[in-house]
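The chain contents come next:
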Amino acid sequence: MTIHPRWLDAALPTLAVACAGLPLFHRVGVLELLAVVGVAAASIWAAVRRSAPVAATSAADSAQQAIDVDAPQLARYGDALPPLLRGILPVWREHVESVRSQTDTAVGDLVVDFSAITEQFEAAGFKGTSDSSANGQDTTISLLTLCERELQPVIASMTRITDSKGALAASVRELSVITGELQTMASEVAGIAAQTNLLAINAAIEAARVGEGGRGFAVIAKEIRSLSHASAKTANYISGRMTQIMTIMKNTSEAATNAAASDKSAIELSGTVVEDVLSHVRELSVEAQTMLGKGNVIRSNIESLIVSLQFQDRVSQVIGVVDNDMARLRDTIDSDAALPSAHQWLADLQAHYTMKEQRRGHGSTASASAAESSAAPAAAVFF
Amino acid sequence: MAKTVLIIDDSSSLRALVKLSLTRAGYAVVEACDGKDGLAQLDKAAKVHLIVSDVNMPNMDGITFVTHVKQHARHKFIPVIMLTTEDESSKLAQAKAAGARAWLTKPFNPPQLLDAVSRLVLA
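If you read the protein sequences in the order shown, they are chains A and B.
Quick note: the first sequence, position 307, residue 342 per the working numbering, numbers continuous.
Quick note: the second sequence, position 63, residue 265 per the working numbering, numbers continuous.
Please note that the accuracy of each hint is not assured.
Capping the alpha-carbon separation at 27 Å, the derived lysine-lysine pairs in BS3-like fashion look like this [unchecked claim]:
| hint | chain 1 | residue 1 | chain 2 | residue 2 |
| --- | --- | --- | --- | --- |
| 1 | B | K298 | B | K278 |
| 2 | B | K238 | B | K249 |
| 3 | B | K249 | B | K272 |
| 4 | B | K293 | A | K391 |
| 5 | B | K272 | B | K298 |
| 6 | A | K391 | B | K298 |
Derived by calculation from the structure, the hints in this document are not laboratory data.
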């Protein structure tokens, strides 16, 4: 079978462009291997082109122009190319498969390592917010805010308790004063009883002096003395009880005053502790907010990295199509069947493209630019 | 209990990236390397709530896989998201006709994928 150089004139630029364009997906060393394949393809193409220079601007254009070239001028390559390609194509495919396998394994390992690092970050608390996942930091911040909201009234409540204790002590002191007044009144009653007794004695003396006519008055005077004795005794009893009450009130007042002072001191201490706790809670809240912010940055970086690491999948698609095309070329040579036209071959090759960058690479001998090669995520289409 | 997502892609690194995105959001993940393996994993797994499948794969492509799933009595109600580099609108139409519920092109953005997954898992 004879392979006409003009046919290669169309196929090899496409291969060279595809290989040379691949490293632009991402700067990974292993893709340089593939670039070597691209360079080799370009070299073979250059050798062919030197024999039959054609001003091609794209692979498709070069195919069309190659058809118009005077074939006899290139015919001397025809017999040599099949054995050359039989030897080269398996090696190229080996390199291509090596590149695909190495990048796939390396990116897979990278993702596993990266996943472990991500877990460590999240375990350390650097977890950003996400609509689709529960978030611990949001919960932490909510709890801290709740702590602050619930601790604030505790201080006010403690102050109210201190105030009510003071009011109690004041009431006891007022009660003590009133009790003192009651004791004074009891003493006055005792004085009145003494005066009444003296009056009764004088009445009895006067009744005795009158004789038989004053006997009834003497009985009354005796009863009044008896009542005055009873009044004096009751007044003394009241006075004694009042003294006891005053002692108890004094002790109660002192105890209440001491308790109020002690409570005030304890509550002030508790208030200080609560304020300290609140201060720590606020600091924790600020730190949690900071960690949340950093977590969001890390999350955003992770998402960007996940997008970037998908270069391998796109590279693999490009390599797969090139690899399959090399296999097709080898099978065609081995089958000894007539080669299709360059147009037909390129059309068949193009039918296997899935991405815009492949079509761009097919349509131009210039390498696709990095900007063109880096596809951006697109919105999901729902059916 | 975590919802289970079956990821089908012939690229192990892409599967790893989808798995990383989903497991971080609390999903359990089962993996398959092509449509044929995907059908086998469906039969093996106790319960799969959603499938994320590539389109262009060896042995059995994603659209053929969806067609098989939709003909299966037990699996036909599982929603399928196609995740692919394919940008041919005819393929998109084929996926829709086969019964896929969403089409997402690579490179995917994790929040977009998670949004699609959560919408279809909850649907």
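Going through the hints against the structure:
With a C-alpha separation of about 14 Å, the suggested pairing of K298 (chain B) with K278 (chain B) holds against the 27 Å cut-off. A C-alpha spacing of about 18 Å is found between K238 (chain B) and K249 (chain B), which places the hinted pair at or below 27 Å, so the restraint holds. For the hint pairing K249 (chain B) with K272 (chain B), the CA-to-CA distance comes to about 16 Å; that is within 27 Å, so the pair holds. Note on K293 (chain B) and K391 (chain A): the hinted pairing holds, with a Cα-Cα distance of about 14 Å set against a maximum of 27 Å.
Only pairs whose Cα atoms come within 27 Å are accepted, and K272 (chain B) paired with K298 (chain B) is accepted, the gap being roughly 12 Å. For a cut-off of 27 Å, the pair hint linking K391 (chain A) to K298 (chain B) stands: about 21 Å separates their Cα positions.
Of the hints listed earlier, there is not a single one the structure fails to meet.
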